[in-house]
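Model the placement of chain B on the given structure of chain A, informed by the hints.
What follows is each chain in one-letter form.
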Amino acid sequence: MMEEMVVLFNSFEFGLFFPTVTLLYFLLPHRFRWGMLLAASCFFYMMFIPQYIAILGVTIVIDYVAALWMVRPGLPTGKRKAILIGSILSTCLVLFVFKYWNFFHSNLAMLARLIGWNYPIRMLNIILPIGLSFHTFQSLSYVIEVYRGHQKPERHFGIYALYVMFYPQLVAGPIERPQNLLHQFRTPHLFEYQRVTDGLKLMLWGMFKKVVIADRLAIAVNHIYGDPRAYSGGPLLVATVFFAFQIYCDFSGYSDIAIGAAQVMGFRLMDNFNRPYFSKSIAEFWKRWHISLSTWFRDYLYIPLGGNRAKTWRWRMNLFVTFLVSGLWHGANWTYVIWGALNGGYLIASHSTQRLRQAMCQRLGLARFPTLHKVFRVATTFSLVCVAWIFFRANTISEAWYIITHLFRGLAHRWKPAGGYWNTGTDQAEWIIVLLSIGLMEGVHVLQRHRHIRQMLRERPMWLRWLIYYALVLGILFFGVFDNQQFIYFQF
Amino acid sequence: MHEFKQFFIRLLIFCSPFLCFALGVLIVDPYNYTGVSRFITDASKKSGFNRDPALMPFGYTLWNMIQFRRQPSANVLIGDSRVATLNVDYLRKITGQQYYNFGIPGGDCRSICDTFWYVARYTELKRVYIGISFHTYNDWSNRKVFTAPRGILNNPLRYFTDRNVLKTACNILRGLTTPKPLPANRDQFRAKKGKELPPQSGADNDHKNETWSIVLQGLAGEYQRWQYPESTYAELKRISEYCRSKQISLVFVVFPTSIEQQSLIIQAGLADSFSRFKQDIAGLGAVYDFDYPNEITIHRENFVDPMHLTAPILERIMNEVWGSTQSNQPPLSVTSPPLAAVDSRSRRN
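Keeping their order, the protein sequence lines are chains A and B.
So our numbering is basically just the index in the first sequence, starting at one, shifted up by 4.
So our numbering is basically just the index in the second sequence, starting at one, shifted up by 1081.
So here's chain A without its partners, still in its complex pose (with noise of 0.2 Å):
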């Protein structure tokens, strides 16, 4: 078995890493600069698996020719669209070979049994490339808005490399599209110290999400969901509530390196998250959700399937099969299509819906108290989006159908410490901890509704401003869960 390793931004290793090429890049000339990230890149992505660099190449030079040959002048768009769809299927092959062979062998030899018929598995014994997913979806971007007239084909191979590779973002997004990254390598970055300390503050306040709270969440969260079965009530109550919370803290954690480490070297990389529990609405949540993976399913498959301007039966289908594959994008199991399928199922209940809902809160009389309604809105938003949580945590189907049905059983039972409540793996020290962190980053997402902190702490008086960065340092250093726990949005 091949020992494997990945610099993961709580590493000790990019802590080395980091400075070392945000230095580099700011002592090289211009010039020189793709070509020092590009290796750092290569050199980030090989700390994995060394020899998967060669798949990430076959895609890169797939979409880098396909591009170049689609924009020949006098080719037919007969020709064009060929050699779209050629690279996006070849692009979308080496997906499919390493990430749903399995899925689609073990699936497809279930169906065999029922049927009666002796299927020859070949499952493939391999790992999946670290951020495949993610690089994938990037370089397919590409090539779409290249066909689409909306891009110029990048002819330096080595820019356009960068832009599939480029380290903050290459194994778990954002998902950048060419028109917002690609001409950033060609323009110089000076060294901004506005710029540059706002980008080390993004990193640090993503290291505490990620650290403080999303790593030490795991502990109960794996701790229940490891066994489910063992509780009931209050635990798996607390361990949904729990995960909605880690995945958010982990993923935004991890986004806001990525864009931070991008923004000290003058880098712009899309938001990917925008307080997404404070949406009154699933439809507003996913605008607030992973924005660059939501936006790229929207330009790229709803809108092409025909959108909303379309029959109703038909833009419902559209939005659920959007859905389906955002699930399935996610990882090829069948707790993930039905967690996208929920999704999809939500967001045609919500448009059903509406018009009994405004008549319902009319007759409560809900209308005349905007705060409560809205309050009322998030919280079922909220409750909504853990039950489809369970869906994407849970190892089986029938653990989660287990976790929804014994949710509320044996509630007040299960809440006495002496009757296991507190046995999650973690004690009562680390719940305080927690959930003074948890309010601590919601305080902060209330006081973001008008402007980013980041801009109010400006205004603020310079002792104020080191003493909340001290703290926040040392919350991390001493509050922090140091087992280099993996992002969860690697796996995908």
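Check the hints yourself; a few may be wrong.
Stated by the list, open to error - Which residues of chain B face chain A? A partial, calculated answer using Cβ under 8 Å:
id, residue
1, Phe1085
2, Gln1087
3, Phe1088
4, Phe1095
5, Gly1232
6, Asn1236
7, Leu1238
8, Arg1239
9, Arg1244
10, Gln1308
These are calculated hints, taken from the structure and not from any lab test.
C-beta atoms are modelled at their ideal positions from N, C-alpha and C, and glycine is treated no differently.
Chain B alone, transformed into the frame defined by chain A:
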């Protein structure tokens, strides 16, 4: 260039408290990790974590990992706080062999397995004595005491930024500068509640009774949630096979627990599981089993709390397990009798 310079100056100023802190840790070196500082004796350093109940599992694990890496021993004692209290000097006296005590207060079966594989990495083992107990032979018991110390050994930077290391360093400095010594911990349950620590001798019965009931309450909760530890048993089996293949003497010691603790097992409906636990370990290596109703377990005065023994009883156990010729007492360790006997015995008491 000006902004570059300004940034570095500010960064240096911002980081200076952390650098000072790291320098402080380097000078105190609470776990002898760097080995460069020898200003403080090992005894003072150990008092930095062995008097703080919250620090004990982490502190003992990290200390032992570092010490053992430097001076590995072919004979090792592995287990929880009961093992940690065994006196290796006394063992050397009665056996003529040098033992390394890798007992970890707050440890469980997972930490036993982790310890074994850790020590096996550094030396060719000859004798391994494992102190094991039923309440930690439990799938629910997963305290992961090795996680943080292992992280520190893998990443030197963590030594200078870990809050437990800092806390130990502070305790050491406090111990060196305060004339009044820190209270010695004997009871994690009470200490966690912020109460005054109970006496060890058992002279103060009120304190002892309170400790007793708190510990029993905690154990009752653990027994309620007891689940057969499939993975732990598989891991212990792997250890047993490894010892057999390398001709390492593997001995399990089941320490005595008070009759009241034993009766909790029956009350929780775990009599069969308790028997299975003993059968499991009997299949893994030699066993010295003291955990059944006997002259030690029925008398409270032999215990500090329901599972921790007083020094004379520990000595008696060492004499029996390590075969002292000085001992004139009859052997106590046997295969446990049916647990119904425990129940009737405990009711009589």
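For this session: Using 8 Å as the Cβ threshold, decide whether Asn1236 (chain B) counts as touching chain A.
Result: holds, 4 Å
For this session: Against chain A, run the beta carbon of Phe1085 (chain B) and see if the smallest gap drops under 8 Å.
Result: holds, 5 Å
Exercise. Is the shortest C-beta separation between Arg1244 (chain B) and chain A less than 8 Å?
Worked result: holds, 4 Å
For this session: Go through the hint on Leu1238 (chain B) and say holds or violated, using the shortest Cβ distance to chain A against 8 Å.
Result: holds, 5 Å
Exercise. When the nearest CB of chain A is found for Gln1308 (chain B), is that gap smaller than 8 Å?
Worked result: Cβ of Gln1308 (chain B) sits 7 Å from chain A, so the hint holds.
For this session: Mind checking the CB of Phe1088 (chain B) against every CB in chain A and telling me if the closest is under 8 Å?
Result: It holds, given that the least Cβ distance between Phe1088 (chain B) and chain A is near 5 Å, below 8 Å.
Problem set entry | Restraint outcome when Gly1232 (chain B) is required to lie within 8 Å of chain A by C-beta distance | Interface hint status for Gly1232 (chain B): holds (5 Å vs cutoff 8 Å).
Exercise. Given Phe1095 (chain B) as an interface hint, is the shortest Cβ-Cβ distance to chain A below 8 Å?
Worked result: With a closest approach of 7 Å, the Phe1095 (chain B) hint holds.
Exercise. Is the shortest C-beta separation between Gln1087 (chain B) and chain A less than 8 Å?
Worked result: Result: holds, 6 Å to nearest chain A Cβ.
Exercise. Should the hint that Arg1239 (chain B) touches chain A count as held when the rule is a Cβ pair under 8 Å?
Worked result: Holds - the Cβ of Arg1239 (chain B) comes within 8 Å of chain A, reaching about 6 Å at its closest.
This entry satisfies every hint, going by the numbered hints stated previously.
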